[in-house]
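J.: Residues per chain are reported as follows:
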Amino acid sequence: MNFLQMLGRRALDVLASWGRGALFFIDLLRAVPAALARPGLVIAQVHAIGNRSLVIILASGMAVGFVLALQLYNTLTTFGAAESLGLVVNLSLVRELGPVVTALLFAGRAGTSLTAEIGLMKAGEQISAMELMAIDPKARVLAPRFLGGIISMPLLAALFSAIGILGAYVVAVLLIGIDAGNFWSIQQNGVDVWRDVGNGVVKSAVFGVICTAVALYQGYETEATPEGVAYATTRTVVTASLGVLAMDFILTALMFSTP
Amino acid sequence: MTNKRTEILVGLFVALGALALLFLALKAANLASFTGGGDTYTVQARFDNIGGLKARAPVRSAGVNVGRVTGITLDAQTFQGVATLEIRQDILFPRDSSAKILTAGLLGDQYIGIEPGGDEKNLANGDVITQTQSAVVLENLIGQFLFNRAADGGQATPAQ
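So the sequences go chain by chain: H and P. Under my numbering, the residues of the first sequence are numbered 1 to 259, in order. Under my numbering, the residues of the second sequence are numbered 1 to 160, in order.
Only chain H is shown next, with the shape it has when bound in the complex:
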């Protein structure tokens, strides 16, 4: 009996937390128009979320491009297909690695800072103070951050893919000596703007929604103590990363399963 009760309680807890998350997400969406009316706040958040993530995104994209080119070259030469290196790097970056790795880095770099910021605001009772002054904290604090995340993510992912391809160009063309014209033309033949690049952008926008919403929710629901904020930032990274990976599988299945 005890065991059954414990199981039931766990299940109810899980359901309740899912419900709280969903309600929070709906509230967040409702607050978006109010944030659109004040673009200054959104711009400040794009700066805090997007601009400040640039360095890590560009450095990682470059490194991923380098390594992909080196590793793929070793394998592709055994099939005499070293020319298609550019295509493989391009497709893997644009379709998968760009959106996903950017989202994972984004969760670590921007998501944690959002959670910690909101969590400390809550711990310092700034959010309650706003409510007392009849200012809706969701419209004033959360929605601009949400929009900032959604705007920043596709741009960061595009930069990641672009710099990755340039990195692969450096390794493949300048170091290994694959023909530059071949490197580009095989990409132009094999990569479709809407199917590959467009779907990659859609993916990264969805990941932007997931990462930012999770980070804001964890910050907003945090226990107002130092430990609570610490737990909340950890949960942000774990939940957002798992959410991104699960969603990536679903989106890939929907976008690329049919020829």
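None of these hints come from the bench; they were simulated from the model. Some clues are possibly wrong.
[To be verified] Label pairs and their in silico Cβ distance ranges:
id, chain 1, residue 1, chain 2, residue 2, range
1, P, V137, H, V238, 49 to 55 angstroms
2, H, T234, P, R60, 54 to 60 angstroms
3, H, L245, P, Q77, 32 to 38 angstroms
Even for Gly, the Cβ is constructed at its ideal location relative to N, Cα and C.
Put chain P on the given structure of chain H with help from the hints.
T.: The following block gives chain P in isolation, referenced to the frame of chain H:
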């Protein structure tokens, strides 16, 4: 003014992101080759066997891209594969041109090669190319080879 500086930095970030997207679309994908051609006309080519040809495969003449395969269907009357080709408006082929399904390299994708004929009239929108050569299917090739070996009298009996 920190606000103005922030706005400039954000503007820079957005412009950089847009530039990256543009780079992906133009340099690293096929948008440029789409818009380069402009107007196209459509002809159909009937093949006994379409092989591994796919929609969006290139149409080439003398190795140069002149168009794209836009659709592949089966004609239920003749049981032939019908490929719809979109060819650039400024390139006109004689009416008796022939179409072949070729393969780029040993393992490459298949494409349609057009060899111009000698007719004075040109292919127009909606015409059908009847002189075609189907894709080479490996199984048929091996089958033919084995058949020829058997027809030769089978003096070359392979060791069991």
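J.: Please flag the earlier hints that this structure goes against, numbers listed from lowest up.
T.: Of the numbered hints given earlier, the structure breaks just one, which is hint 3.
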